[in-house]
Amino acid sequence: MSLFPAVGRKDFRLRVSWFALQAFLWFGVFMHLVPFYIMMVTSITPANEAMSMPPKLWPSHPTLAAWNLVFRISDVAKSVLSQPLSRYFLNSLIMTFGTMFLSIPVTSLAAYASSKLIKGRVAKPLFIFFVGTLMLPGIVSLIPSFLLTRNFPFPLPVAPNIPGTDIPFPTLRIWNTYWAVILPAGFSAGNFLLFKGYFDSIPDSIINAARVDGGSEFNIFRRIILPMSIPVYAVVAYFEFGGAWESYLWPLVVIQDSKIAPLTLAIRRISDAFVATGTTNPQSALGASAQMADLIAQGLSWNGLMVLGLLQALPVFIFFIIAREYLLKGVKIQGLK
Amino acid sequence: MTVSTDSMVQTSPAPPLADVSPRRRWTNWLFVLPAILFQFFWGWYPMVVAIFLSLTNAPIRGQVTFRGFENYLRLSADPLVPMAFRVTLLYGFLSIALTFFIPILVAILLMEMPPKTMRIMMILWYLPLSGIASTLFWQYLYNEQFGIFQWIATAVLGLPRQAFLSSERWVLFWLIVPGILMYGPGLYYIAGLQSIPKSYYEAAEIEGAGFWRKIWTISLPRLRPIISMTLLFSIIGTLQEFTWIDLMTRGGPNGASRTVVMYMFTLLDNGRYGDATALAVMLFALIMFLVLIYRATFKSDLDV
Amino acid sequence: MTSVRLENVVKYYYPALGSAETKPTLGLNHVTLEIQDGETVSIVGPSGCGKSTLLKVIAGLEFPEEGRVFFNNMEVTYVSPQERGVGMVFQDYALYPGKQGSQNMSYFFEVHRRTEEEKQQRLRETAELMGIGFEVLMEREVDTLSGGEKQRVGIARCIVRDPTVFLMDEPISNLDAKLRERTRTEIKRLLKKFQITTIYVTHDQQEAIFMGDRIAVMRAGRIEQFGTFDDLYYSPANLFVASLIGTPPISILPAEVSGNTLQIAGTLSLTLPPTLAEKLPQGRLRLGLRPEAWSVQPEAGQGLTLRVTRIERLFTERAAFVYGQIAANTISALIPLDFPEVKQVSLQPDLERAYFFAAEGETVLHTPGIPELF
Numbered sequence: 001m002s003l004f005p006a007v008g009r010k011d012f013r014l015r016v017s018w019f020a021l022q023a024f025l026w027f028g029v030f031m032h033l034v035p036f037y038i039m040m041v042t043s044i045t046p047a048n049e050a051m052s053m054p055p056k057l058w059p060s061h062p063t064l065a066a067w068n069l070v071f072r073i074s075d076v077a078k079s080v081l082s083q084p085l086s087r088y089f090l091n092s093l094i095m096t097f098g099t100m101f102l103s104i105p106v107t108s109l110a111a112y113a114s115s116k117l118i119k120g121r122v123a124k125p126l127f128i129f130f131v132g133t134l135m136l137p138g139i140v141s142l143i144p145s146f147l148l149t150r151n152f153p154f155p156l157p158v159a160p161n162i163p164g165t166d167i168p169f170p171t172l173r174i175w176n177t178y179w180a181v182i183l184p185a186g187f188s189a190g191n192f193l194l195f196k197g198y199f200d201s202i203p204d205s206i207i208n209a210a211r212v213d214g215g216s217e218f219n220i221f222r223r224i225i226l227p228m229s230i231p232v233y234a235v236v237a238y239f240e241f242g243g244a245w246e247s248y249l250w251p252l253v254v255i256q257d258s259k260i261a262p263l264t265l266a267i268r269r270i271s272d273a274f275v276a277t278g279t280t281n282p283q284s285a286l287g288a289s290a291q292m293a294d295l296i297a298q299g300l301s302w303n304g305l306m307v308l309g310l311l312q313a314l315p316v317f318i319f320f321i322i323a324r325e326y327l328l329k330g331v332k333i334q335g336l337k
Numbered sequence: 001m002t003v004s005t006d007s008m009v010q011t012s013p014a015p016p017l018a019d020v021s022p023r024r025r026w027t028n029w030l031f032v033l034p035a036i037l038f039q040f041f042w043g044w045y046p047m048v049v050a051i052f053l054s055l056t057n058a059p060i061r062g063q064v065t066f067r068g069f070e071n072y073l074r075l076s077a078d079p080l081v082p083m084a085f086r087v088t089l090l091y092g093f094l095s096i097a098l099t100f101f102i103p104i105l106v107a108i109l110l111m112e113m114p115p116k117t118m119r120i121m122m123i124l125w126y127l128p129l130s131g132i133a134s135t136l137f138w139q140y141l142y143n144e145q146f147g148i149f150q151w152i153a154t155a156v157l158g159l160p161r162q163a164f165l166s167s168e169r170w171v172l173f174w175l176i177v178p179g180i181l182m183y184g185p186g187l188y189y190i191a192g193l194q195s196i197p198k199s200y201y202e203a204a205e206i207e208g209a210g211f212w213r214k215i216w217t218i219s220l221p222r223l224r225p226i227i228s229m230t231l232l233f234s235i236i237g238t239l240q241e242f243t244w245i246d247l248m249t250r251g252g253p254n255g256a257s258r259t260v261v262m263y264m265f266t267l268l269d270n271g272r273y274g275d276a277t278a279l280a281v282m283l284f285a286l287i288m289f290l291v292l293i294y295r296a297t298f299k300s301d302l303d304v
Numbered sequence: 001m002t003s004v005r006l007e008n009v010v011k012y013y014y015p016a017l018g019s020a021e022t023k024p025t026l027g028l029n030h031v032t033l034e035i036q037d038g039e040t041v042s043i044v045g046p047s048g049c050g051k052s053t054l055l056k057v058i059a060g061l062e063f064p065e066e067g068r069v070f071f072n073n074m075e076v077t078y079v080s081p082q083e084r085g086v087g088m089v090f091q092d093y094a095l096y097p098g099k100q101g102s103q104n105m106s107y108f109f110e111v112h113r114r115t116e117e118e119k120q121q122r123l124r125e126t127a128e129l130m131g132i133g134f135e136v137l138m139e140r141e142v143d144t145l146s147g148g149e150k151q152r153v154g155i156a157r158c159i160v161r162d163p164t165v166f167l168m169d170e171p172i173s174n175l176d177a178k179l180r181e182r183t184r185t186e187i188k189r190l191l192k193k194f195q196i197t198t199i200y201v202t203h204d205q206q207e208a209i210f211m212g213d214r215i216a217v218m219r220a221g222r223i224e225q226f227g228t229f230d231d232l233y234y235s236p237a238n239l240f241v242a243s244l245i246g247t248p249p250i251s252i253l254p255a256e257v258s259g260n261t262l263q264i265a266g267t268l269s270l271t272l273p274p275t276l277a278e279k280l281p282q283g284r285l286r287l288g289l290r291p292e293a294w295s296v297q298p299e300a301g302q303g304l305t306l307r308v309t310r311i312e313r314l315f316t317e318r319a320a321f322v323y324g325q326i327a328a329n330t331i332s333a334l335i336p337l338d339f340p341e342v343k344q345v346s347l348q349p350d351l352e353r354a355y356f357f358a359a360e361g362e363t364v365l366h367t368p369g370i371p372e373l374f
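As they're listed, the protein sequences go chains V, U and E.
Read in order, the letters of the first sequence are residues 1 to 337 in the numbering used here.
Read in order, the letters of the second sequence are residues 1 to 304 in the numbering used here.
Read in order, the letters of the third sequence are residues 1 to 374 in the numbering used here.
One should not assume that every hint holds.
To be verified - Below, computed lysine-lysine pairings styled on DSS-like, alpha-carbon distance capped at 30 Å: (1) 178(E) - 193(E); (2) 119(V) - 193(E); (3) 23(E) - 116(V); (4) 124(V) - 23(E); (5) 116(V) - 99(E).
To be verified - Partial selection, computed: residues in chain E whose CB lies under 8 Å from chain V: (6) 10; (7) 14; (8) 59; (9) 78; (10) 79; (11) 81; (12) 82; (13) 87; (14) 88; (15) 90; (16) 92; (17) 94; (18) 96; (19) 97; (20) 98; (21) 111.
To be clear, the hints were calculated from the coordinates, so they are not data collected in a lab.
Treat the numbers as computed from the prediction; the structure is a model and nothing was measured.
Built from N, CA and C at the ideal position, the CB exists for glycine as well.
Looking at chain V on its own, in the form it has when it is part of the complex (with noise of 0.2 Å):
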């Protein structure tokens, strides 16, 4: 209550301000809860009455064929999607899972490292190698890293020779697989800022206390630091599964079977397949086999988007409400900074 003055509360104008002030702020929740409401009560609505206007809140005959058809595009439509879709629900968990797996360990140890076991001239260096990424525009690499998902470490289409042999140097070819889309993530500068911000606020003292007591610098972090760390470690989970699962210019770039394609790519094949121009008409989608215009006619049309829509929303959405209590005290305890 700084901004508003402590006394006068009963003047009109003041309570008209107060009024208008949270107005404004449940306004923004709203809108920002708007989308959940809307995208779940299209998603059982029928066909016919989801493309009518004007819109209605809430469907006169639910009914959960959307649901049903969404999952069952691939056997119908085999043109628009090739793949059931829980095919490709499970490909994002296991690229989400694979990139925390790998960056949280990597990132944070480096953090760690760098807050607490790297002293000396060495330390400043390291921490701008570290970090300099983030002020640079990353599109640059986009080519570069999809051509060095070809022929690791290698930009090229051949490897070249060992110099004095005719021997190709060993490569690596990680194209089209999971690991072109966790590889690459390994490391992520941002959490790397997070986390060291936070072991930074950690005292020296406990850590050599530990030192003291004996035992190696990775057993002082894993029985002493760890525990201490759950906010942060939570905090990271939380953006990294939130920023693994929405994946999509990456995985466009490296993915091309679709067995492997995560859920973003599926959205993007269908929305292609409804929304060409920006408009969905039941008899003009764009490129319609005689399938697509089949699976409109059985109900599936916006209504069938909104199911996917949940379903890309759903995980990130249950892994807030899970770890809430911990995100909400890391945010505190570190201020973000």
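Please arrange chains U and E on chain V, whose structure you already have, making use of the hints.
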């Protein structure tokens, strides 16, 4: 009493990094070794390589041919390129102008609420809504046949039928509207505001400062470094935006929302890897140029 | 039973990330120190003098750029703390959060894979040593403890492992005044009981004197003087040490020697005893007098006039500390005072107990040495 029958044990002279024993130092570096490898191979290495690659045809099979500046020249001659840059800059400018400042205001106003209410609002506000899911949601709203916006425009406001996302003139605007309407408090700002002691505001009030004046003289100056950093990152990020626009409009209509990154993807899709890399380097140069100007004008605020 | 020796230890500080400096600064400047086994040595000095760093070098938490550290004549310069067998108590207690007191204490045993019996036995013994009520304290989670309780656990953690050397880094600085008194007495009691070599770092000189058999005074990375209280008090190596040790502090007055006359603060002139007259150089210098070196002159004319600003009665004796100014120099004197409400006192210095310093700088020209009592 001291038993000193042991002879003096000589050990080798101190290593230069004398803080830790040699063995422990080596194991300390194990902590950072994986991160160093990842950050090198997927962070710095591709960035540096990009410049060299942009001077070649950057193929995925066949021969690598050196092209010099040929890619760049070809891109400069391509009318779609300046168009993409125009779209990118316009989108970036509009996006920041219209959506950057609201979270600051919301954060400041949110601090006025009683703690319990504030906590509820924060939780509700930070319920995660997938950006990708919201593209589906917003496309539904923008639908020209039956979207809510169309309904508001024609039935409520009595306007003629609007084109929304298929309007070449207005598509960028409509792309940004969701960011305006779905406002929320910036987390970093809340953290910053919480560190301001109440007494500052009380003192100002005694001086006769009103609502907006207090914001201007107390809240904002304290937030300045955070705002400055966030703005910089927003600029860098918005100019590279892809996902949102790709899902909403696929770059249409007729390239009216085709940003540089989207055109780059098109080039990639068509196998023109060399051109795509060169285009990326051009965008990189543009963004770095803007960043340098930014840092020069706001020198005092940055800690990195 | 462990003796500790440092030879020529040099340590640099590197500037922190994000600070403007780029050059390393000298933290320890060729420090040499020899501590006998069983004795308690206090290290005292202003903040930033390097005393904590010195302690860390002795502990093995930091390694010096130059110089060597010996335990019992065995070189341990680069040996890890656990292998040196030290125990350490920290200013901010440094207890492992989210764990109980007993868990804090048993961490050592778990890391070194000692037997459960040994651990339990040591825990019991330590609890006994720490006094009544400590078992209860041990079971509580350390985050719930008060400052004093935390420090008790910290001390217990130090002794539970039977260390060769006790290292204490300002252990009571974070406690409130009353608790400080109690805790330091308890620590002293423990040290006397164990007879273990102890190094005690503090910025409070009274604490240093109370705890230590010998005291090392540090400034800017160097040990200014190392000795017993008497050495430092009666034979300080320089003005810094003289001013640091002693409460209330020594009083300094400008003076001048001409012939064998000493003129103090431009007013009182006294004849120098022959030993002093020979030793002191002619010209300007400074005279140092401890509070007990003053006596009161009944008449105003024959002494130095002290303009009184404050009087502190000593309730155990019929005397008081009198603070004031003699010709614009800050003075403290200990005098018998029956009538405390005086505005001025006439004082005469006892030259037998006087210190002499150079007019500029810190050089000592003469110290009285330890007085022969009886």
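Evaluated hints:
Restraint check for residue 178(E) and residue 193(E): satisfied, since their Cα atoms lie roughly 23 Å apart, inside the 30 Å limit. For the hint linking residue 119(V) to residue 193(E), the alpha-carbon distance of about 39 Å lies beyond 30 Å, and the restraint is violated. Under the criterion of a C-alpha separation no larger than 30 Å, the hint pairing residue 23(E) with residue 116(V) is consistent with the structure, at around 20 Å. This hinted pair checks out: residue 124(V) and residue 23(E) have alpha carbons roughly 13 Å apart, not beyond 30 Å.
Only pairs whose Cα atoms come within 30 Å are accepted, and residue 116(V) paired with residue 99(E) is accepted, the gap being roughly 21 Å. A distance limit of 8 Å between C-beta atoms decides the matter here; for residue 10(E) the minimum to chain V is near 15 Å, and the interface restraint is violated. The interface hint given for residue 14(E) holds, since its Cβ lies 6 Å from the closest Cβ of chain V, which is under the 8 Å cut-off. The beta carbon of residue 59(E) is positioned within 8 Å of a beta carbon in chain V (closest approach about 6 Å), and the interface hint is therefore held.
Proximity of residue 78(E) to chain V is violated relative to the hint, the smallest CB-CB distance being about 14 Å (cut-off 8 Å). Hint status for residue 79(E) relative to chain V: violated, with the closest Cβ pair at about 12 Å, above 8 Å. At its closest, the beta carbon of residue 81(E) sits 4 Å from a beta carbon of chain V; the interface hint therefore holds under the 8 Å criterion. For residue 82(E), the suggested interface contact is upheld, since its CB lies about 3 Å from the closest CB of chain V, less than 8 Å.
Evaluation of the residue 87(E) hint against chain V yields a held restraint, the C-beta minimum of about 7 Å falling below 8 Å. Here the hint on residue 88(E) is kept, as its CB sits about 5 Å from the closest CB of chain V, short of 8 Å. At its closest, the beta carbon of residue 90(E) sits 4 Å from a beta carbon of chain V; the interface hint therefore holds under the 8 Å criterion. Given hint, residue 92(E) at the interface with chain V, holds; its Cβ is 5 Å from that chain's nearest Cβ, closer than 8 Å.
For residue 94(E), the interface hint holds, since its Cβ comes within 8 Å of a Cβ in chain V; the closest pair sits about 4 Å apart. Because the beta carbon of residue 96(E) sits about 5 Å from the nearest beta carbon in chain V, less than 8 Å, this interface hint is met. With a least beta-carbon distance of about 5 Å to chain V, the hint placing residue 97(E) at the interface is held under the 8 Å criterion. Proximity of residue 98(E) to chain V holds as hinted, the smallest CB-CB distance being about 5 Å (cut-off 8 Å).
Hint status for residue 111(E): holds, given a least beta-carbon distance of 4 Å to chain V, under 8 Å.
Of the numbered hints listed earlier, those contradicted by the structure are 2, 6, 9, 10.
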